[in-house]
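For the sequence shown, the numbering used here assigns the number 2 to the initial residue and increments by one for each residue that follows.
Just so you know, the hints here were simulated from the structure itself, not pulled from any lab data.
Do not rely on the hints blindly, as some may be mistaken.
Estimated spans, in silico, between C-beta atoms of each pair [what the hints assert, rightly or not]: (1) G702 with P456: 24 to 34 Å; (2) W342 with A228: 34 to 44 Å; (3) T332 with P456: 15 to 25 Å; (4) F235 with G451: 34 to 44 Å; (5) G581 with P37: 45 to 55 Å; (6) D780 with A840: 48 to 58 Å.
Below, a list of computed lysine to aspartate or glutamate pairs in the DMTMM-like style, where the Cα atoms sit at most 25 Å apart [claimed, not checked]: (7) K597 with E183; (8) K108 with E183; (9) K231 with E376.
Even glycine gets a Cβ: it sits at the ideal position worked out from N, Cα and C.
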Amino acid sequence: MDQYELYCLADGRFYDTLEHSTAEDADFPIVRRPVPEGWLHEATETWCYYAPGGVAPLPSQGWKIHVSARVDDAERAVETVWDYCMSRGIAFKFLRGVPVHVMLNSKAASRASSGKLITIYPRDEGQLELVLKELDELLRDVRGPYILSDLRYGEGPLFVRYGGFAERHCLSGGGERVLAIEDGGGQLVPDVRGATFSVPPWTTLPEFLEPHLAARNAVTTTGLPYAIEKVLHFSNGGGVYLGRDQRTGDRVVLKEARPHAGLDTAGRDAVARLTHERDILQRLAGLPAAPDLLGYFTLGEHHFLVQEFVDGTTLQRRLVHRYPLTRATCTPDDIAGYTDWALDTLDRVERALGSLHERGVVFGDLHPDNILLTESGRVVLIDYEVATLAEEGSRAALAHPAYVAPADRQGVDVDRYAMACLRLGLFAPQCTIMLPLHRAKIRHLGEIVGDTFTPEIAPAVSTIAGDERDDGELRALPMPGSAPWPDLRAAMWRAIRAAATPERDDRLFPGDVAQFQPGGGLNLAYGAAGVLYALEATGAGRFPEYENWLLSRAKRPAPGSGLGFYDGLHGIAHVLDLLGHRQDALDVIEISLREKWDRLESALFSGLSGIGLNLFHMDDPELERSALRAVDICADRLGGADDVPELSGGTNPRAGLMYGSSGPALLFLHAYERTGDTALLDLAAVALRQDLRRCRAAEDGSLQVNQGWRLLPYLDEGSVGIGVVLARYLAHREDETFAAALRDLRLVARSGFFVQPGLFTGRAGIVAALGCGLGGPADAQVKGMRWHALPYGGGLAFPGDQLLRFSMDFATGTAGVLFALGTVMGEQPRRLPFLEAAAQRRPVSNQSQKEV
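Work out the full structure: start from the sequences and follow the hints.
The structure is reproduced here in structure tokens:
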């Protein structure tokens, strides 16, 4: 699931947890039931946990039971399991309410975890068998989605899987901290939660479950007239497959629907939507804008629709390939050529949409991924699961957030609204996602698109705006690229302070959903420390109330809090020291050093690179020894330049400043600047070559991180993050290969559009890189921040990652934008931590180093 959807349920402005929702029906009623004496209870934003106290602790791992239930049966299933487990002293947990249950079973939900309403923790295999037999009788009438990661017990709602009971962690092959279990040798390994059932090699399936495994394996595709050749797409509702009709040899598309899974806001499951799509396609038979319906069948419990294979390319893919503002080499002719293509394509899409309306069908889910363009010029609209009949005047129960119509649009007007968003979206991709935060923003976006591309966008803007007037609130605010820095800065300060919630214990400033992980509300990336850092760096002054909020929590971190620089205690300590709380900072560092910090990954964001850099920064002899230990560990792990895959995937899925080898490179450079040991420069060069190995040249010549399916330019794991470290290296040692690479890395900073505004994965990170040594003018990127600028609290704010809600944090939101703009506009500009101007040493050439 897109995890952001869950955090949109509680608040219309900020990502938040359901425990802060004002909705009366957010929780199952049983959540309010008194917990029996002697039982332990804990509630999170998703789960309610219950365990008997005063008994021997559960084993750390074993066979667990999951209970699946459709919405209609969920409350009864929870109450049945509550009564059963409470009377027998068996630990269990359940999803806290219907909204979470629906979200975790929605079409966009994770296929690996979907369906799991309740988890039960038997103490041993004997209890496992007894609980399954007894609950199978008690829950006989309950129906729910099949849990793909588990083995089904019988034909009811019970499933089993081997996994962790206690929350333990280890590093994945890519160096990330993940949930873990012990293997046969007692070593912690990732607790893999995939979408297929498997038994770990060090254990065996209990004998009484063997017949259930045989029943599962008995369902096959043998005998079907269709051969599956390729998976096109998976969702929680089922799969979409490219197949071939073995009777005719024709290629076909098969759409699969799982019962009780893939829920929409109307509560319909994937099967209900697929049968509805079949009926709509029958109504549209013979229409060029719709694929032909070829068949419908069931296999086991799953339903399959067979339709014409349309040999075309999605409009989204064409958009990504052709959109000129993402290219560093964009010219006026490129913009003019793209505008002509876009307007022609939009007209053809609108004619295709109109042909559906003539048949009385409202498409309901118009967006670029649902539009196929063929070489012959045919436009085909695909995915009719949520289509409605025009005569009903209703609304679709699912829609892309950038194209979903406001509540005042019904029937055909839903499609007209989406078509207007598509007209804007081909020139301002994804930007209409922001509109619920400030509907009048559409007129501002229309002006930007009109100035950049074409004034022909005006009718679409009027359609989207409807009766919404331009209230002038946004126009009254200072705007990046035109307002003086003091005015712009003050406007962002106002928004940040207006959003503060010092009365809450979990977070001080609303930000990304990551702040709801342990310690996330305090840390530098997503929590209070990062906002205070940005405020101080841009001259806002001191805020005792906010500092006291952080101080009162920093030395009692929540279990599971990160230790690293951006994700945990070291970043908090860094900010406390900056604010003059030296002893408190040292106390927080002492807490972190008592943990097994040396086992962390090497990354700057959460691991040894950031910890080592902060220990150097503290300028304390004892701490410097620990910093040098971090250097040694990172050096021992580094390997050679070719010891990483060429793609940013495989054994190390990330590259760049925050998660890749550029973080260790920065640590080696700082260590060199302190010690003068040129072997550390050699290590930095190897680390940088590792990250450059995972880059490739885009069509415009810019060098970007290659993730196989996309190229990344961003600060956290993209090209500009590598570039700022490479520039620092070149301040110490001449290297023509690196200098050429830096020129290509810099090119991406000339791009004219970025989907998100944030510091780590958006335009603000490009601005900050320009201010932190990447080199090049920043004026165009500063002006570009206006694409996402919104009013909030009498000031200027920015949406966070995914653009669905405001964010005030450092990594994704307004504080990060504030800091980035300060690096290039401030009277005394500050750079990102550890990226201040390199200490001056005589440049060392590769040749002279060889001579040494």
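For each hint, the structure was consulted:
At about 32 Å, the CB distance of G702 to P456 agrees with the hint of 24 to 34 Å. A hinted range of 34 to 44 Å holds for the C-beta pair W342 and A228, which are about 37 Å apart. Separation of T332 from P456 is about 20 Å and conforms to the stated range, judged on CB atoms against 15 to 25 Å. Here the CB-CB span from F235 to G451 is close to 40 Å, well matched to the stated 34 to 44 Å.
For the pair G581 and P37, the beta carbons lie near 49 Å from each other, so the given range of 45 to 55 Å is met. Checked against the given bound of 48 to 58 Å, the beta carbons of D780 and A840, roughly 29 Å apart, lie outside it. At roughly 18 Å between alpha-carbon atoms, K597 and E183 fall within 25 Å of each other, so this suggested pair holds. Pair hint K108 plus E183 does not hold up; C-alpha atoms about 33 Å apart against a cutoff of 25 Å.
For the hint pairing K231 with E376, the CA-to-CA distance comes to about 22 Å; that is within 25 Å, so the pair holds.
Against the hints set out earlier in the document, violations occur for numbers 6 and 8.
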